[in-house]
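Asker: Sequence:
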Amino acid sequence: MPELPEVETVRAGLARWVVGRTVAGVDSLHPRAIRRHLAGPVDLTNRLIGRRISSAERRGKYLWLPLDGGPDCLIGHLGMSGQLLMLGPEIPDGPHLRARLSFDDGGLELRFVDQRTFGGLQLDELVLDPPGTVPAGIAHIARDPLDDNFDDERWISSARSRNTTIKRLLLDQASISGVGNIYADEALWRARLHGDRVTSRLSRPALRQLLAELRTVFADALLAGGTSFDSLYVNVNGESGYFDRSLNAYGRLGEPCARCGRPITRVKWMNRSSYFCPNCQRPPRPMA
DNA sequence: CAAGGCTCCTGATAGC
DNA sequence: TGCTATCAGGAGCCTT
1 MPELPEVETV
11 RAGLARWVVG
21 RTVAGVDSLH
31 PRAIRRHLAG
41 PVDLTNRLIG
51 RRISSAERRG
61 KYLWLPLDGG
71 PDCLIGHLGM
81 SGQLLMLGPE
91 IPDGPHLRAR
101 LSFDDGGLEL
111 RFVDQRTFGG
121 LQLDELVLDP
131 PGTVPAGIAH
141 IARDPLDDNF
151 DDERWISSAR
161 SRNTTIKRLL
171 LDQASISGVG
181 NIYADEALWR
191 ARLHGDRVTS
201 RLSRPALRQL
211 LAELRTVFAD
221 ALLAGGTSFD
231 SLYVNVNGES
241 GYFDRSLNAY
251 GRLGEPCARC
261 GRPITRVKWM
271 NRSSYFCPNC
281 QRPPRPMA
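Using our numbering, the first residue of the first sequence is number 1, and each one after it goes up by one.
None of these hints come from the bench; they were simulated from the model. Errors might be hidden in some of the hints.
Unchecked claim - Ranges of calculated distance between the beta carbons of each label pair, as one might list FRET restraints: (1) A24 with D220: 17 to 25 Å; (2) D105 with G251: 39 to 47 Å; (3) V198 with A258: 20 to 28 Å.
A virtual CB, placed ideally from N, CA and C, is assigned to each residue, including glycine.
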């Protein structure tokens with residue numbers, strides 16, 4: 001499942017392979033892949049052809065490619081199974097190919113492949129959000145913890161003013177972006193916090209440590225090229241990351257905790273799973 | 001307005 | 001063998 005480290009790996013690949021190139025053709029092959037582009041596939045094609053990609057940007061799990069000569073950009077989101085692959089035009093289309101960009105140099109194409117169709121592409125306008133510039137449609141997405149302008153103390157104050165639990169807050173992209181189910185569980189395990197802890201009752205040092213653990217788990221995953229849990233995630237060259245070997249909680253049901261040896265537990269949570277060590281990560285005391 | 005839950009989607013896998 | 005149920009989950013959208 002692509003979260004911040006995987007998306008950053010893809011962004012770096014796009015910076016290497018598509019920045020500076022000019023779009024020559026666009027194929028929209030599945031309506032769901034461009035459902036967020038309300039003006040439709042013809043508009044998407046017309047507005048992309050002839051445009052040169054000037055950079056590759058990211059905030060949280062969103063990617064965007066600013067286009068030369070205008071305030072617009074191509075936004076990409078991988079959803080839970082999206083891949084952006086650079087492939088030669090002679091390579092046959094795979095079964096889940098949703099969109100394709102070709103370039104006027106005739107070189108490698110950019111293909112958007114997405115089995116579960118939660119991801120998508122859209123054009124959007126960049127708005128000024130000093131000192132960064134983000135697409136209008138993702139202005140509600142908070143900065144991520146690897147952003148130099150992420151304000152730790154402000155986030156901590158915000159958390160302590162909220163009436164919610166810490167795992168919910170980690171997954172709220174309007175509060176802190178880039179965190180999904182895997183890295184939420186990993187950061188909470190590293191910080192020895194149970195996901196059901198109420199944010200307003202966590203100390204500032206505990207929240208500071210959680211941010212630190214989030215950053216180290218992201219950094220570790222980036223070094224490994226991202227996590228590939230079910231082989232749906234690959235970088236732009238089609239190579240899987242191998243960070244899943246380093247996970248301490250997520251997907252480790254019944255395996256001994258790397259700290260204390262107690263078996264990792266899984267609970268159903270919001271139509272998904274949470275993995276944690278029942279010994280290192282004590283659930284909150286029930287309110288009287 | 002904040003918080004929480006529903007829903008979109010496909011393919012692998014388990015169970016009968 | 002072939003069917004149905006379950007699971008994976010990001011994030012927009014809706015309800016409370």
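Asker: Confirm or reject each hint.
Answerer: Structure-based check of all given hints:
Checked against the given bound of 17 to 25 Å, the beta carbons of A24 and D220, roughly 39 Å apart, lie outside it. The hinted range of 39 to 47 Å is satisfied by D105 and G251, whose Cβ atoms lie roughly 42 Å apart. Distance hint for V198 and A258: a CB-CB separation of about 27 Å, consistent with the stated range 20 to 28 Å.
When each numbered hint is compared with the structure, a violation occurs for hint 1 only.
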